[in-house]
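**Student:** One letter stands for each residue in the lines below.
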Amino acid sequence: MSTDPLLRDERKAEEEPRQRFILEDTGFDEVPAKYRRFYRKWKGPGDALAPNEVVCPVCKVVIRSTRELRVGDRVYCMPCMSRLVVARADDGTLEALVSY
Amino acid sequence: MSEQSPDVHALDPESFLEEVHSFEFWFHSVEGYLSGQTYGHRPDVHGAPLAPDERERLVTVLCNYCIGETAALEGASGLVAIAPNRHTKVFLATQVVDEGRHLEVLLHRLTDVGVHAPEAEIERRATRSLLQFKRRLLELVETRDWEAAIFAQNVILEAMEFTVFQTHARTADLVTREVLNGIVKDERRHMGFGENELGRRLKLTPHIRARLGEVKKELDHLVLESFEETLRALAVPAAERPELGRHYLEVVARLGFA
Numbered sequence: 296m297s298t299d300p301l302l303r304d305e306r307k308a309e310e311e312p313r314q315r316f317i318l319e320d321t322g323f324d325e326v327p328a329k330y331r332r333f334y335r336k337w338k339g340p341g342d343a344l345a346p347n348e349v350v351c352p353v354c355k356v357v358i359r360s361t362r363e364l365r366v367g368d369r370v371y372c373m374p375c376m377s378r379l380v381v382a383r384a385d386d387g388t389l390e391a392l393v394s395y
Numbered sequence: 677m678s679e680q681s682p683d684v685h686a687l688d689p690e691s692f693l694e695e696v697h698s699f700e701f702w703f704h705s706v707e708g709y710l711s712g713q714t715y716g717h718r719p720d721v722h723g724a725p726l727a728p729d730e731r732e733r734l735v736t737v738l739c740n741y742c743i744g745e746t747a748a749l750e751g752a753s754g755l756v757a758i759a760p761n762r763h764t765k766v767f768l769a770t771q772v773v774d775e776g777r778h779l780e781v782l783l784h785r786l787t788d789v790g791v792h793a794p795e796a797e798i799e800r801r802a803t804r805s806l807l808q809f810k811r812r813l814l815e816l817v818e819t820r821d822w823e824a825a826i827f828a829q830n831v832i833l834e835a836m837e838f839t840v841f842q843t844h845a846r847t848a849d850l851v852t853r854e855v856l857n858g859i860v861k862d863e864r865r866h867m868g869f870g871e872n873e874l875g876r877r878l879k880l881t882p883h884i885r886a887r888l889g890e891v892k893k894e895l896d897h898l899v900l901e902s903f904e905e906t907l908r909a910l911a912v913p914a915a916e917r918p919e920l921g922r923h924y925l926e927v928v929a930r931l932g933f934a
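For the record, the sequence lines run as chains A and B. When the letters of the first sequence are read in order and numbered with this note's numbering, they come out as residues 296 to 395. When the letters of the second sequence are read in order and numbered with this note's numbering, they come out as residues 677 to 934.
Calculated directly from the structure, the hints in this document are not laboratory data. Be aware that a few hints might be false.
Where chain A lies over chain B, by a calculated footprint (3+ residues, C-beta under 8 Å) [unchecked claim]:
| hint | stretch |
| --- | --- |
| 1 | 681–693 |
| 2 | 804–813 |
| 3 | 876–890 |
Cβ pair distances, simulated, as ranges [as the list claims (entries may be wrong)]:
| hint | chain 1 | residue 1 | chain 2 | residue 2 | range |
| --- | --- | --- | --- | --- | --- |
| 4 | B | Arg-800 | A | Thr-388 | 48 to 58 Å |
| 5 | A | Ala-345 | B | Gly-921 | 28 to 38 Å |
| 6 | A | Asp-386 | B | Leu-807 | 37 to 47 Å |
| 7 | B | His-763 | A | Arg-315 | 47 to 57 Å |
| 8 | A | Pro-312 | B | His-784 | 53 to 63 Å |
| 9 | A | Thr-388 | B | Asp-683 | 20 to 30 Å |
| 10 | A | Gly-339 | B | Ala-929 | 16 to 26 Å |
| 11 | B | Ala-929 | A | Lys-329 | 43 to 53 Å |
| 12 | A | Ala-345 | B | Pro-682 | 16 to 26 Å |
| 13 | A | Trp-337 | B | Pro-682 | 20 to 30 Å |
| 14 | A | Gly-339 | B | Asn-761 | 43 to 53 Å |
| 15 | A | Thr-388 | B | Ser-753 | 40 to 50 Å |
| 16 | A | Trp-337 | B | Gly-889 | 28 to 38 Å |
Just so you know, even glycine gets a beta-carbon here, dropped at the ideal spot from N, CA and C.
Starting from the given sequences, assemble the full structure and let the hints guide the process.
**Tutor:** Listed below in structure tokens is the structure:
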């Protein structure tokens with residue numbers, strides 16, 4: 296068993312069922328209508344992200360999922376065509392890293 | 677209706693790339709933010725008259741934006757011929773259309789603010805560094821150097837335009853703001869395409885890194901100098917100017933260039 300408390304928390308979280316989210320269209324207009332609910336505008340560093348959201352590091356749009364995001368999840372940023380993997384940032388929050 | 681739409685994150689990587697590189701995707705994307713607009717802004721939006729010094733600064737800046745957009749238009753159209761596969765060719769065709777539109781709306785904005793001969797004005801106000809960048813970019817396209825040309829155009833030029841246009845839009849008159857915000861939405865696709873295409877290439881053929889490093893050393897300062905001049909002309913406070921370099925440096929750092 297790992298002695299790293301962060302890793303232990305991560306593993307514990309993996310076993311718990313994920314929160315589900317109903318995504319509403321927030322008016323993001325840069326992708327075809329059928330995909331709009333998966334994205335929203337980022338309002339800057341003070342913008343609090345929900346557990347189902349990460350910011351795209353390439354184009355700074357908020358990417359949204361219908362389920363709570365966890366480390367290792369794959370998400371796509373359609374506005375800039377990037378494939379991303381969710382990771383744990385140094386400050387403990389979730390971040391998206393580009394996967395080429 | 678929205679709950680019936682497909683989960684984008686469930687797509688497999690190949691299907692995702694096929695989708696986002698398609699003309700179909702491009703058409704339904706731009707439809708969302710360009711529909712109902714005239715020359716890049718809502719027809720009922722009118723800017724307040726500009727003070728003479730404001731107008732003068734805006735004309736200089738728009739002239740240089742036109743040079744950047746012309747470089748991208750000529751560059752992207754040349755790149756269609758040397759693109760490595762059909763998806764990439766189709767995507768670049770959409771970029772050509774975007775760049776042509778950018779040039780058109782910027783030229784129109786110049787005439788809006790009273791420039792009667794925009795072409796001559798652009799010649800007169802062009803910054804040397806941006807002209808030099810354009811020349812080198814087109815040489816890279818002409819010599820069919822796919823990676824170097826994509827790096828110059830879709831990473832260096834597009835990443836910096838993305839930041840400059842966003843910064844300028846924050847303080848611009850209403851019409852210019854709408855025009856620039858529309859361009860920024862297109863630039864997201866262009867710079868994302870560049871970074872991801874090069875990222876994939878660098879992963880498969882790491883030996884190209886050294887050559888691209890040379891291209892970076894030769895060209896990025898030309899665009900940086902030109903756009904820093906633009907931000908000075910727009911009286912953007914010095915504290916906000918490092919943002920221009922920071923965004924670009926983040927992009928090249930992700931690609932593994934220190």
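**Student:** A separate judgement is required for each hint: does it hold in the structure or not?
**Tutor:** Hints and how they fare:
1. 681–693: holds (count 9)
2. 804–813: violated (count 0)
3. 876–890: holds (count 3)
4. Arg-800(B) <-> Thr-388(A): 48 to 58 Å: For Arg-800(B) and Thr-388(A) the Cβ distance comes to about 50 Å; the hint holds.
5. Ala-345(A) <-> Gly-921(B): 28 to 38 Å: Holds - the Cβ-Cβ distance for Ala-345(A) and Gly-921(B), about 31 Å, lies within 28 to 38 Å.
6. Asp-386(A) <-> Leu-807(B): 37 to 47 Å: Distance hint for Asp-386(A), Leu-807(B) holds at roughly 44 Å.
7. His-763(B) <-> Arg-315(A): 47 to 57 Å: Since the Cβ atoms of His-763(B) and Arg-315(A) sit about 33 Å apart, the hinted range of 47 to 57 Å is violated.
8. Pro-312(A) <-> His-784(B): 53 to 63 Å: holds, 55 Å
9. Thr-388(A) <-> Asp-683(B): 20 to 30 Å: Holds - the Cβ-Cβ distance for Thr-388(A) and Asp-683(B), about 23 Å, lies within 20 to 30 Å.
10. Gly-339(A) <-> Ala-929(B): 16 to 26 Å: This hint holds: roughly 21 Å between Cβ atoms.
11. Ala-929(B) <-> Lys-329(A): 43 to 53 Å: Once the Cβ atoms are compared, 34 Å apart, the range 43 to 53 Å for Lys-329(A) and Ala-929(B) is violated.
12. Ala-345(A) <-> Pro-682(B): 16 to 26 Å: holds, 21 Å
13. Trp-337(A) <-> Pro-682(B): 20 to 30 Å: holds, 23 Å
14. Gly-339(A) <-> Asn-761(B): 43 to 53 Å: violated, 37 Å
15. Thr-388(A) <-> Ser-753(B): 40 to 50 Å: Check passed, 42 Å falls within 40 to 50 Å.
16. Trp-337(A) <-> Gly-889(B): 28 to 38 Å: holds, 31 Å
Violation of the numbered hints given earlier is confined to hints 2, 7, 11, 14; the remaining hints are satisfied by the structure.
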